[in-house]
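Participant: So the chains spell out like this:
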Amino acid sequence: MHALVERLYPLCRSITGDGVRATLDIVGEYLPLQRHEVPTGTQVLDWTVPQEWNVRDAYVADATGKRVVDLAASALHVLGYSVPVAATMPLSELRPHLHTLPDHPTWVPYRTSYYRPDWGFCLSQETLDALPEGDYEVRVDSTLADGHLSYAEHVVPGQVADEVIVSCHVCHPALANDNMAGVAVAVFLARELAQRSPWYTYRFVFAPGTIGAITWLARNAERIERVKHGLVLACAGDRGPLTYKRSRRGDAEIDRVLRHVLAASERPHRINEFTPYGYDERQYCSPGFNLGVGSLSRTPNGRYPEYHTSADDLDFVAPEALADTLAVCREAFAVLDRNRRYVNLSPYGEPQLGRRGLYESLGGHADAGQAQLAMLWVLSMSDGTADLLDVAERSGLPFDAVAVAAGALEGAGLIKA
Amino acid sequence: MHALVERLYPLCRSITGDGVRATLDIVGEYLPLQRHEVPTGTQVLDWTVPQEWNVRDAYVADATGKRVVDLAASALHVLGYSVPVAATMPLSELRPHLHTLPDHPTWVPYRTSYYRPDWGFCLSQETLDALPEGDYEVRVDSTLADGHLSYAEHVVPGQVADEVIVSCHVCHPALANDNMAGVAVAVFLARELAQRSPWYTYRFVFAPGTIGAITWLARNAERIERVKHGLVLACAGDRGPLTYKRSRRGDAEIDRVLRHVLAASERPHRINEFTPYGYDERQYCSPGFNLGVGSLSRTPNGRYPEYHTSADDLDFVAPEALADTLAVCREAFAVLDRNRRYVNLSPYGEPQLGRRGLYESLGGHADAGQAQLAMLWVLSMSDGTADLLDVAERSGLPFDAVAVAAGALEGAGLIKA
Amino acid sequence: MHALVERLYPLCRSITGDGVRATLDIVGEYLPLQRHEVPTGTQVLDWTVPQEWNVRDAYVADATGKRVVDLAASALHVLGYSVPVAATMPLSELRPHLHTLPDHPTWVPYRTSYYRPDWGFCLSQETLDALPEGDYEVRVDSTLADGHLSYAEHVVPGQVADEVIVSCHVCHPALANDNMAGVAVAVFLARELAQRSPWYTYRFVFAPGTIGAITWLARNAERIERVKHGLVLACAGDRGPLTYKRSRRGDAEIDRVLRHVLAASERPHRINEFTPYGYDERQYCSPGFNLGVGSLSRTPNGRYPEYHTSADDLDFVAPEALADTLAVCREAFAVLDRNRRYVNLSPYGEPQLGRRGLYESLGGHADAGQAQLAMLWVLSMSDGTADLLDVAERSGLPFDAVAVAAGALEGAGLIKA
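Protein chains in written order, with the UniProt record's numbering: chain Z, 1 to 417; chain A, 1 to 417; chain C, 1 to 417.
Bear in mind the hints are in silico, worked out from the structure with no lab data behind them.
Predicted model only: the values in this text are computed from it and were never measured.
There could be a bad hint or two in this list.
Stated by the list, open to error - Pair by pair, the computed Cβ-Cβ distance ranges are:
(1) Ala417/Z / Arg341/A: 38 to 44 angstroms
(2) Gly407/C / Arg270/A: 33 to 39 angstroms
(3) Lys416/A / Gly134/Z: 53 to 59 angstroms
Unchecked claim - Far from chain A, some chain Z residues (derived; all Cβ distances over 10 angstroms):
(4) Glu6
(5) Ile26
(6) Val38
(7) Leu45
(8) Val85
(9) Glu133
(10) Asp135
(11) Glu137
(12) Ala190
(13) Ala213
(14) Leu217
(15) Ala218
(16) Gly288
(17) His365
(18) Gln370
(19) Ala386
By construction, the Cβ of each residue, glycine as well, lies at the ideal position given by its N, Cα and C atoms.
Could you build all of it, start to finish, from the sequences and the hints given here?
Facilitator: Rendered as structure tokens:
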């Protein structure tokens, strides 16, 4: 996964343009993708697809012609969606267009101006402080013109049409953890899922933040009710502990699954309540849709100093952290896929498990074995209100044991989903 | 406010009679009052308005004619609702009619016998201990006769007919904190409210305890359903921290408002659950009415040693405590008046705030500003179930910020109440 | 009670057979019993009444004819439901039929094989270790043949037909705490109840574990809906603190009663959530019946090392522990019997208690007395949703005070059940 992050990291992405397309091209080498190009001006929910932005060159050069800020060095150096500019001006006039991080003088910030025409450059405070007064040539060779918004999907077909969406944003330039790490985890997760014939249909959405999710939602109105669960993957590769942010519902099945899996795994982790600020869970969980979509990160957006700066680089993302995030996704979807609500078909008294070969024959032991306890718990709780995850949580038994017990009982005709 | 308490304090009040009228006369100098006189014998709910009690003189005099207990010295000295008596008797015979506080030998207790004909005197244990045996002249020159029960209302008209009632009892003689302090806070609160054109109509009720509230409820049956919220003010001026006692409902809007305002203000305070013992919240919250009426005190009834004794005097009430109680009432009603339940009119995805001038144009900062967060929270939670107070509590944002955000969103046509 | 445990303890019981009958014979000396004999092969819910098992002799004798394991020494020595065997075999062949407790080398385990034909012996590890290799004569002189399953009931008639069942299992041989202690407590509880004309009809069920309760449930289908509450008594005599295990419902009235009584009594105790493993609460609480049946034990099944071993003997059961369990049952049923849900017939304002002689005439005291508070609480909470136990819990007043207040108010026509 880290190698994939390395390939994707340097591209000059924005919410539209060739950087996104190049990103999806690379993802497409790993996964077959369904690509979408939505024209500028298309109405999507309350929004309109904006003009497409592409930038070929952008720099600030000093009086000697030396480029002191240069897009070629990092995609962060140009303000996202900068309008074209070609001018020479004194530093005093240029200064309002220069964005720095005074508290982290060696870092370059990430800044955008998507919805108000502006131009600008991002640079380190050290670089700015070293600039002598005088005239500078500023150049942004960008195009802001009618074009398209690009996004892609990959579907792992399941045994049922009900869907789980896994969504990650692909619009940030030259930031590793945010969000090429999320993209990499999603890619490898999709490949794994394809090999195990999952219960749900899993749909992976690779789209620019906000406008991309809004576009997907606008164009999939008829599919929304099939989306039963979802996960936004973002900031998936730093060395912090895992953080799950609940869906707006707070107790959606995906919320219960992640809480259980993280607690059962005994990993250090945090469970955060939903807030309407973050990534595309904002859109999936908007009150009109209110989908059961949570968000899995390691350190969440805005909670690490390197966030949205040049310090969110390849070193900031750890291969073992990517692997750990992937492992939790794998475990969570393994639970989600097997979680069912059963009804006990023999609810009056306990059914006689012994004559069905489901009960230990020698009686009198102080404790029943885990397999027998799991069957008793499934029988007791299967009144149509509780699912297997409830059984696992209530009984303290591992979900796997509960799922195996349910399988045995279903096989014996004692419960049905 | 303390000056008003000083004027009201010494009057000889009871649940009926001229002391109540004199009290309302003084209140009427501060606020225009609607006065009510309800005849003896009027059936009010399960009760009957009692005979009116007035006392002109009351004393115990020793053999030399010296008054050793004298109404003129303190209105507390006569048992409330004493029937007339004029007799000479030995101390041994008088003793059962003398009420003291052995644990606080210098204090005079407050005692009444509203509903059983009796006579008596209240005095300090020290005074009693100093009385030699021998004959005493006892005299209560009182009238217990058909008359009226007096109470008064002051209404601050609001933008809507829905009402908030503020109720305080005016029946206790020569006790300062209980309840001339509550009366004084109510008076100044009413004057402030009148200057700010409140949303709700605020009705202030100045009435004797229990029978007064019962009379008001009996005579306002058609108004009850307009009473949306209420607050009983009592013991509002001592130096203890504020105490809010919840309504019987426990989670009425007034309960949530007071809890929020007290917590947000970081004042030391207590929130108590409803009990059916206390002041007139007992009547407003009786199960048939079950109004959303809480009670605000500093130290509640019965929880300070000076309660219902001569030590609840003008020194016991602090001007800064009165001001603090008033401030909390002001803050609470400012929240209550602006609290609404909105519906997001653009609930599918986030509406594009940027093109409406409601979103910061420069993107990429680690945190959104408070104003933007408040708008996102209001949009996310406005599904018809949550009100702005819920938004403030859930988001951790100040109620003011949330209310301002809601105003901006309503102005942009994005939400409606 | 300990004397009764002593008489019952040594009998060779199983889920059917003469040991159960002898047990019920002794119980019948204390209480009139309705005895039931249900033929082998009778379908009971998902089960079938098994063949009846009786054992006359069972031993392992060494080459000299000396009995090294002998049923006559303890009823635990034979595997419950052993099929007949008469053979001589070397120790190596015998060994798989010998059950021991290696961790407690001097104790004999209790083992059964009810539903798979097998034979075997239980002995101490020390005895096993001392057996030389060589041939042994093994003999189980048992009968496994069509017969009956035996159980008994005792009914204490109440003022209403609604029933409380008290159930204890009578199938364990030579174990004192499990469950002759439970039987003894039930017997003395029934005798006490008969003397106080209880509100509910109390039905005591003495039946073998699992199959007995299932048989009772199968044969009383028409009675089930009259069973409002129940308690399984098991392990009722050891020196550990009391443990109440909630019904499957978790908040059934019996659960609330036991929680209250145990908390109010300030005994050390534990309240455990329902689990579908334990005693016959498993059957009463199966999801089809889902009765409000909890279980009262001292140390619960499987939670003490002596459980299901020869160390659960007469010394393990303490007379004072039996008395304490009985006392809690007595207190709990005294609460249950008086717990009602009342409706305030005068819900608008407080009714005037004074003119009904229910209120102290002298006003002004800092606190109302407990009796008055209890009346105010009952009036306030009696809106049809709360019962007297809720009132006691919410008010912090003793249940007795609340019940007395309710009686006074009902007598005055102010509330009705």
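Participant: Holds or violated: is the Cβ of alanine 213/Z farther than 10 angstroms from all Cβ atoms of chain A?
Facilitator: Non-interface label on alanine 213/Z violated, nearest chain A Cβ at 8 angstroms vs cutoff 10 angstroms.
Participant: Confirm or reject: alanine 190/Z is not an interface residue toward chain A, with every Cβ-Cβ distance exceeding 10 angstroms.
Facilitator: 25 angstroms, holds
Participant: Grab the minimum beta-carbon distance between valine 85/Z and chain A and tell me whether it stays above 10 angstroms.
Facilitator: 17 angstroms, holds
Participant: Verify that the Cβ of glutamate 6/Z lies farther than 10 angstroms from every Cβ atom of chain A, and report whether the claim holds or is violated.
Facilitator: 23 angstroms, holds
Participant: Does the beta carbon distance between alanine 417/Z and arginine 341/A stay inside 38 to 44 angstroms, or does it fall outside?
Facilitator: 39 angstroms Cβ-Cβ, so the 38 to 44 angstroms window holds.
Participant: Taking the closest pair, is the beta carbon of glycine 288/Z still more than 10 angstroms from chain A?
Facilitator: Violated: least Cβ distance 3 angstroms, not greater than 10 angstroms.
Participant: Range first: 33 to 39 angstroms. Now tell me if the beta carbons of glycine 407/C and arginine 270/A are that far apart.
Facilitator: Given about 34 angstroms between the Cβ atoms, the range holds.
Participant: Once the closest CB in chain A is found, is it more than 10 angstroms from alanine 386/Z?
Facilitator: Answer for alanine 386/Z: holds, closest chain A Cβ roughly 25 angstroms.
Participant: Kindly confirm whether 53 to 59 angstroms is satisfied by the beta carbon distance between lysine 416/A and glycine 134/Z.
Facilitator: 56 angstroms, holds
Participant: Just checking, histidine 365/Z versus chain A, shortest CB gap more than 10 angstroms?
Facilitator: Non-interface label on histidine 365/Z holds, nearest chain A Cβ at 48 angstroms vs cutoff 10 angstroms.
Participant: Taking the shortest Cβ-to-Cβ distance between glutamate 133/Z and chain A, state whether it exceeds 10 angstroms.
Facilitator: 25 angstroms, holds
Participant: Would you assess whether leucine 45/Z, listed as outside the interface, keeps its beta-carbon beyond 10 angstroms of every beta-carbon in chain A?
Facilitator: 4 angstroms, violated
Going through the hint list in order, the structure does not satisfy hints 7, 13, 14, 15, 16.
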